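Given the coordinates of chain B, work out where chains H and P should sit on it, guided by the hints.
Residue numbers (full-length UniProt numbering), protein chains in the order written: chain B, 1 to 340; chain H, 1 to 249; chain P, 1 to 488.
Hints were generated in silico from the structure; no laboratory data involved.
A quick note: this is a predicted structure, and the numbers were derived from the prediction, not measured.
Don't take every hint at face value.
When the alpha-carbon atoms are kept at most 27 Å apart in a straight line, the in silico BS3-like pairs for lysine-lysine are as follows [said to hold, decoys possible]:
| hint | chain 1 | residue 1 | chain 2 | residue 2 |
| --- | --- | --- | --- | --- |
| 1 | B | K238 | P | K353 |
| 2 | B | K24 | P | K405 |
| 3 | P | K75 | P | K362 |
| 4 | P | K359 | H | K14 |
| 5 | P | K388 | B | K238 |
| 6 | B | K238 | B | K124 |
| 7 | P | K353 | B | K24 |
| 8 | P | K353 | P | K405 |
| 9 | B | K115 | B | K199 |
| 10 | P | K362 | B | K24 |
| 11 | P | K287 | P | K374 |
| 12 | P | K353 | H | K14 |
Not everything, but these chain P residues come out facing chain B in the computed CB check (under 8 Å) [claimed, not checked]:
| hint | residue |
| --- | --- |
| 13 | P49 |
| 14 | N254 |
| 15 | I412 |
The following residues of chain B were derived to be distant from chain P, with all beta-carbon distances above 10 Å [as the list claims (entries may be wrong)]:
| hint | residue |
| --- | --- |
| 16 | R97 |
| 17 | S201 |
| 18 | A334 |
Positions of the beta carbon are idealized from the N, C-alpha and C atoms, including for glycine.
Read off the chains here:
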Amino acid sequence: MSAAPQIDLTNAETFPSRRTEAWKYSDMKRWLREAPEPSGTALVGAPGPFYDLGGEAIVFANGRPVGVTDFIASGVQTLRLRFISDAVGTGHTAAARIVARPGARLLLLETHEGKGSAYVAHNKVEIDVARDAEVTRIVLIEEPEDAISVTNAEVRLEAGGRYRQTVVTTGAKLQRIETQLSHGAEGADARLDGLYLLKGSRHTDLTTVVDHRAADGTTSQLTKGVVHDTARGVFQGKIIVERGADGTDARMAHNALIASERGEIDAKPELIIYADDVQCAHGNTVGTLDESALFYIQQRGIPADEARALLVQAFLFEVIDRIEDEAAKEVVRAWLTARL
Amino acid sequence: MLKINNLHVSVADKPILKGLTLEVPAGEVHAVMGPNGAGKSTLGYSLSGRPGYEVTDGSASWNGQDLLGLDPAERAAAGVFLSFQYPMEIPGVPAMTFIRTALNAQKRARGEEEVSAPAFLKQVKAASQALKMDFDMLKRPLNVGFSGGEKKRMEILQMALLEPSLLILDETDSGLDIDALRIVSEGVNALRRADRSMLVITHYQRLLDYIKPDKVHVLAAGRIVASGGPELALELEAEGYDKFLPTAA
Amino acid sequence: MAAVKETVEAVAALEKYEHGFTSDIETEYAPRGLNADIIRFISEKKGEPEWMLEWRLAAYERWLAMEEPTWAAVKYEPVDYQDLFYYAAPKQKEGPKSLDEVDPELLAVYAKLGIPLGEQAVLAGVEGAPRYAVDAVFDSVSVVTTFKAELAKVGVIFMPISEALREYPDLVRQYLGSVVPVSDNYFAALNSAVFSDGSFVYIPPGVKCPMELSTYFRINASQTGQFERTLIIADKGSYVSYLEGCTAPMRDENQLHAAVVEIVALDDAEVKYSTVQNWYPGDAEGKGGIYNFVTKRADCRGDRSKVSWTQVETGSAVTWKYPSCILKGEESSGEFYSIAITNGHQQADTGTKMIHLGKNSKSRIIAKAVSAGKSDSTYRGLVSVHPKATGVRNFTQCDSLLIGKECGSHTIPYIEARNGSAQLEHEATTTRLSEDQLFYAQQRGLSEEEAVALLVNGFVRDVMQKLPMEFAVEAQKLVAISLEGSVG
Numbered sequence: 001m002s003a004a005p006q007i008d009l010t011n012a013e014t015f016p017s018r019r020t021e022a023w024k025y026s027d028m029k030r031w032l033r034e035a036p037e038p039s040g041t042a043l044v045g046a047p048g049p050f051y052d053l054g055g056e057a058i059v060f061a062n063g064r065p066v067g068v069t070d071f072i073a074s075g076v077q078t079l080r081l082r083f084i085s086d087a088v089g090t091g092h093t094a095a096a097r098i099v100a101r102p103g104a105r106l107l108l109l110e111t112h113e114g115k116g117s118a119y120v121a122h123n124k125v126e127i128d129v130a131r132d133a134e135v136t137r138i139v140l141i142e143e144p145e146d147a148i149s150v151t152n153a154e155v156r157l158e159a160g161g162r163y164r165q166t167v168v169t170t171g172a173k174l175q176r177i178e179t180q181l182s183h184g185a186e187g188a189d190a191r192l193d194g195l196y197l198l199k200g201s202r203h204t205d206l207t208t209v210v211d212h213r214a215a216d217g218t219t220s221q222l223t224k225g226v227v228h229d230t231a232r233g234v235f236q237g238k239i240i241v242e243r244g245a246d247g248t249d250a251r252m253a254h255n256a257l258i259a260s261e262r263g264e265i266d267a268k269p270e271l272i273i274y275a276d277d278v279q280c281a282h283g284n285t286v287g288t289l290d291e292s293a294l295f296y297i298q299q300r301g302i303p304a305d306e307a308r309a310l311l312v313q314a315f316l317f318e319v320i321d322r323i324e325d326e327a328a329k330e331v332v333r334a335w336l337t338a339r340l
Numbered sequence: 001m002l003k004i005n006n007l008h009v010s011v012a013d014k015p016i017l018k019g020l021t022l023e024v025p026a027g028e029v030h031a032v033m034g035p036n037g038a039g040k041s042t043l044g045y046s047l048s049g050r051p052g053y054e055v056t057d058g059s060a061s062w063n064g065q066d067l068l069g070l071d072p073a074e075r076a077a078a079g080v081f082l083s084f085q086y087p088m089e090i091p092g093v094p095a096m097t098f099i100r101t102a103l104n105a106q107k108r109a110r111g112e113e114e115v116s117a118p119a120f121l122k123q124v125k126a127a128s129q130a131l132k133m134d135f136d137m138l139k140r141p142l143n144v145g146f147s148g149g150e151k152k153r154m155e156i157l158q159m160a161l162l163e164p165s166l167l168i169l170d171e172t173d174s175g176l177d178i179d180a181l182r183i184v185s186e187g188v189n190a191l192r193r194a195d196r197s198m199l200v201i202t203h204y205q206r207l208l209d210y211i212k213p214d215k216v217h218v219l220a221a222g223r224i225v226a227s228g229g230p231e232l233a234l235e236l237e238a239e240g241y242d243k244f245l246p247t248a249a
Numbered sequence: 001m002a003a004v005k006e007t008v009e010a011v012a013a014l015e016k017y018e019h020g021f022t023s024d025i026e027t028e029y030a031p032r033g034l035n036a037d038i039i040r041f042i043s044e045k046k047g048e049p050e051w052m053l054e055w056r057l058a059a060y061e062r063w064l065a066m067e068e069p070t071w072a073a074v075k076y077e078p079v080d081y082q083d084l085f086y087y088a089a090p091k092q093k094e095g096p097k098s099l100d101e102v103d104p105e106l107l108a109v110y111a112k113l114g115i116p117l118g119e120q121a122v123l124a125g126v127e128g129a130p131r132y133a134v135d136a137v138f139d140s141v142s143v144v145t146t147f148k149a150e151l152a153k154v155g156v157i158f159m160p161i162s163e164a165l166r167e168y169p170d171l172v173r174q175y176l177g178s179v180v181p182v183s184d185n186y187f188a189a190l191n192s193a194v195f196s197d198g199s200f201v202y203i204p205p206g207v208k209c210p211m212e213l214s215t216y217f218r219i220n221a222s223q224t225g226q227f228e229r230t231l232i233i234a235d236k237g238s239y240v241s242y243l244e245g246c247t248a249p250m251r252d253e254n255q256l257h258a259a260v261v262e263i264v265a266l267d268d269a270e271v272k273y274s275t276v277q278n279w280y281p282g283d284a285e286g287k288g289g290i291y292n293f294v295t296k297r298a299d300c301r302g303d304r305s306k307v308s309w310t311q312v313e314t315g316s317a318v319t320w321k322y323p324s325c326i327l328k329g330e331e332s333s334g335e336f337y338s339i340a341i342t343n344g345h346q347q348a349d350t351g352t353k354m355i356h357l358g359k360n361s362k363s364r365i366i367a368k369a370v371s372a373g374k375s376d377s378t379y380r381g382l383v384s385v386h387p388k389a390t391g392v393r394n395f396t397q398c399d400s401l402l403i404g405k406e407c408g409s410h411t412i413p414y415i416e417a418r419n420g421s422a423q424l425e426h427e428a429t430t431t432r433l434s435e436d437q438l439f440y441a442q443q444r445g446l447s448e449e450e451a452v453a454l455l456v457n458g459f460v461r462d463v464m465q466k467l468p469m470e471f472a473v474e475a476q477k478l479v480a481i482s483l484e485g486s487v488g
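Just chain B, same shape as in the assembly:
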């Protein structure tokens, strides 16, 4: 079911091109013909956007762990997972592994903090959500406009496990944020949301593969994006319901706005269904800012630029409003508002 070939930054032959169906809209090979030189060391600078929320931390600086790489959560815990990149033209790989023990509640606050330029980052996260455990993963990504990054998360849900994910990104030169989630046992519940706000010639590709392998699982997905200038947003969502996964309820929506003449949106929402007792739906819209609404707002005295920003913000905030943790929600809201 893997949508990602095993990418190895030291071997250019493993870089997918658009000829690989799952990478149709994110041609890594085009931008990266040769394996990059390995990155040197980097300093852990500022404390990161989620510092005020406390908790434990796993930190990678140019792929090198600053301390531990694995975390086992029990009870109620907060973990900040920081991928720090500060490199010029070099590449690095980081891998973290997170386990939520039965009944644990983990708030996982992940940040990709990129500095420098033209680096290549490859991040891997494995998350196991045990029986009746809950993991909320919130990801904020800010990278230089000429960076290339691929993030792959593999999430496994046990019976009654709950998983909540919200990815918020401003893109890069080529950026792939991939989540592969499997409902391995019955009654698991997943929410996978995404938000992208792209300017200039940035690109991002939010790809999710959700595999319902057991009965009575639910999946709810909402991804929203806005592209400006010549930016390119990609959403690929695949929901698989395997034979015997009866009682599955899976819903996926992607709504995008092209706020410029030459922005681009590519979307591929897939349903692959082998069980009959299911409720599955996906919706996809691509549009532009509503001209009538824009006029209405301006008529009340709000200048055109502000009116546009207001509509964009309102459009995107719907994703953030789905975050249940109030403190984290406020951080994400402020983070996004500063980048509108």
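Quick look at chains H and P alone, frame taken from chain B:
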């Protein structure tokens, strides 16, 4: 004073207003009545600057300030408020946030001090009570899922809070039942002031039972074809618009 | 509730595949296998101009260099292209000029299929009943085309493409391959090399074709591929509604059908193309049946041109088919209405492509898939908006209905927007047949199969209504028949 002189407006290259001339002195309420397709809504949109409504000739000014050269937000800051026939739904923006953002944008444009959140809250509470609106509605996204009557009330509430000097009411009675019509009209009447003008655009005389106009104008085929006192509205109600329509040549 | 009654009666009265009979017609074959000589043989049989033979041979060269596509979600035994007959024709005098000259055995086949080949018979029908002209293609050749003379009076050309190549070579040459290029895909290249017949339609400027045109395809001969080619040209301001029907006998082997349909719509022209595809789907164990690998494409080159595809796909063992529209003209419009029903071991990978190149072009896609038994059904579609195409609108709705635990249903839409003014909307749902509704219908006295047929007909109703009336009745019966044995 609102001064419109020989206004010509086209939509998608089709002439709609063809030389409309009209004056509304400060403090007066004028009704513009006319059959469907006469250009009534076009008049409201042209004065407020909706894109797509192209002024090909003529002029329009408010208190001596030319309106036609301003963008929609600038006109709003100059005091022009259009109450929409079909108010827009703005998902994701709570009504209260929206109104406060608009109020402060207008104040900034006029070089006035912005209103603080607590002061604004007080104003909103008072205004919503006067219009018998549930305060919780103001926390919901603007107009989303509101009934026709609720949307119209929300328009009047915005009018009360933004304190415009030129009020254009476009078919404000459409979609209102009799109780809602009374509440909305009372809201409008409460806003009558010596330095404020109102242009009430309506197809039916009904609304004018509640909002008494100083003058009534008949708009047909893109021009004002007759003007008179409130009795003109009653005459239209009884006899229809036929005698004002251009006869086939 | 006439429709219900129709359906119920149809279920009761008909066999699983009523068109599965074979006919003992004396047939002339080309030697088995494919090489340049076979292509020369076909071309010579048709008395084609030299350029046509060269065109075919060039296509054959391209085909040899291509690989059979594997991206569709279908699995099938590989076709041995050297083990097929590429030409099979019922023996008869070359090019019958009237019905009297057609072999009565052949006429009997079409009568059995319910296809009216006699003009009188149609005329003698119910008063006010719509008439339609028929081009009947039997294996590799067209056996008869009705109403030709009457159509010619208004300038409409409707004839076998082999005949058009002789009578209107310039017109054919101008448009053939201009919508589906020879090298478009593996099956289109093969078709270009070996196609033996099909229909040619030309509607002159400003003419509204006075009757429905239709082609009825029948594969009869064993181990024979059918490669028909249809070319429809709607000149400025013209209108035509075109119907296509297909059947084949029950045979244990798989048979290949690789057709190409090209439509050209000039300024203000409108073409409605309807298909009821009922090729033999194979038996209950998945043995036999038609491989239906078809390329259908419309080029809306004219401003305000409009092409509408409607298809009811109930037959074939494997279907690979994406009727598409290239929306080049300003304000041009493309529509795709589809019902795909799979049962038994059938596999269908079907959908459409709407390529928006022209300003203010519009498209609308409604696809309904019903999967039952051990079948697999995939909707695969593309809506793409070119950077220069402003004001584009698309609405897509894909609904899938699952009946039983062993079938599969998949939805794979691609959406590519490269212009900021595009408004694209896509909705898809997958559900199973509601047990509550089934019970409700049964409680009112319908058998389980009748209830299923009733509910499925309700599910596909939006699309059914897009079919011309005389096809809709047939299609509705087909829905019921193709779902037989899907429950219980």
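Right, here's what the structure says about each hint:
{"no.": "1", "hint": "B:K238 to P:K353", "result": "holds, 20 Å"}
{"no.": "2", "hint": "B:K24 to P:K405", "result": "violated, 32 Å"}
{"no.": "3", "hint": "P:K75 to P:K362", "result": "violated, 34 Å"}
{"no.": "4", "hint": "P:K359 to H:K14", "result": "holds, 21 Å"}
{"no.": "5", "hint": "P:K388 to B:K238", "result": "violated, 30 Å"}
{"no.": "6", "hint": "B:K238 to B:K124", "result": "holds, 20 Å"}
{"no.": "7", "hint": "P:K353 to B:K24", "result": "holds, 17 Å"}
{"no.": "8", "hint": "P:K353 to P:K405", "result": "violated, 30 Å"}
{"no.": "9", "hint": "B:K115 to B:K199", "result": "holds, 17 Å"}
{"no.": "10", "hint": "P:K362 to B:K24", "result": "holds, 25 Å"}
{"no.": "11", "hint": "P:K287 to P:K374", "result": "holds, 13 Å"}
{"no.": "12", "hint": "P:K353 to H:K14", "result": "violated, 36 Å"}
{"no.": "13", "hint": "P49", "result": "violated, 40 Å"}
{"no.": "14", "hint": "N254", "result": "violated, 24 Å"}
{"no.": "15", "hint": "I412", "result": "holds, 5 Å"}
{"no.": "16", "hint": "R97", "result": "holds, 33 Å"}
{"no.": "17", "hint": "S201", "result": "holds, 14 Å"}
{"no.": "18", "hint": "A334", "result": "holds, 28 Å"}
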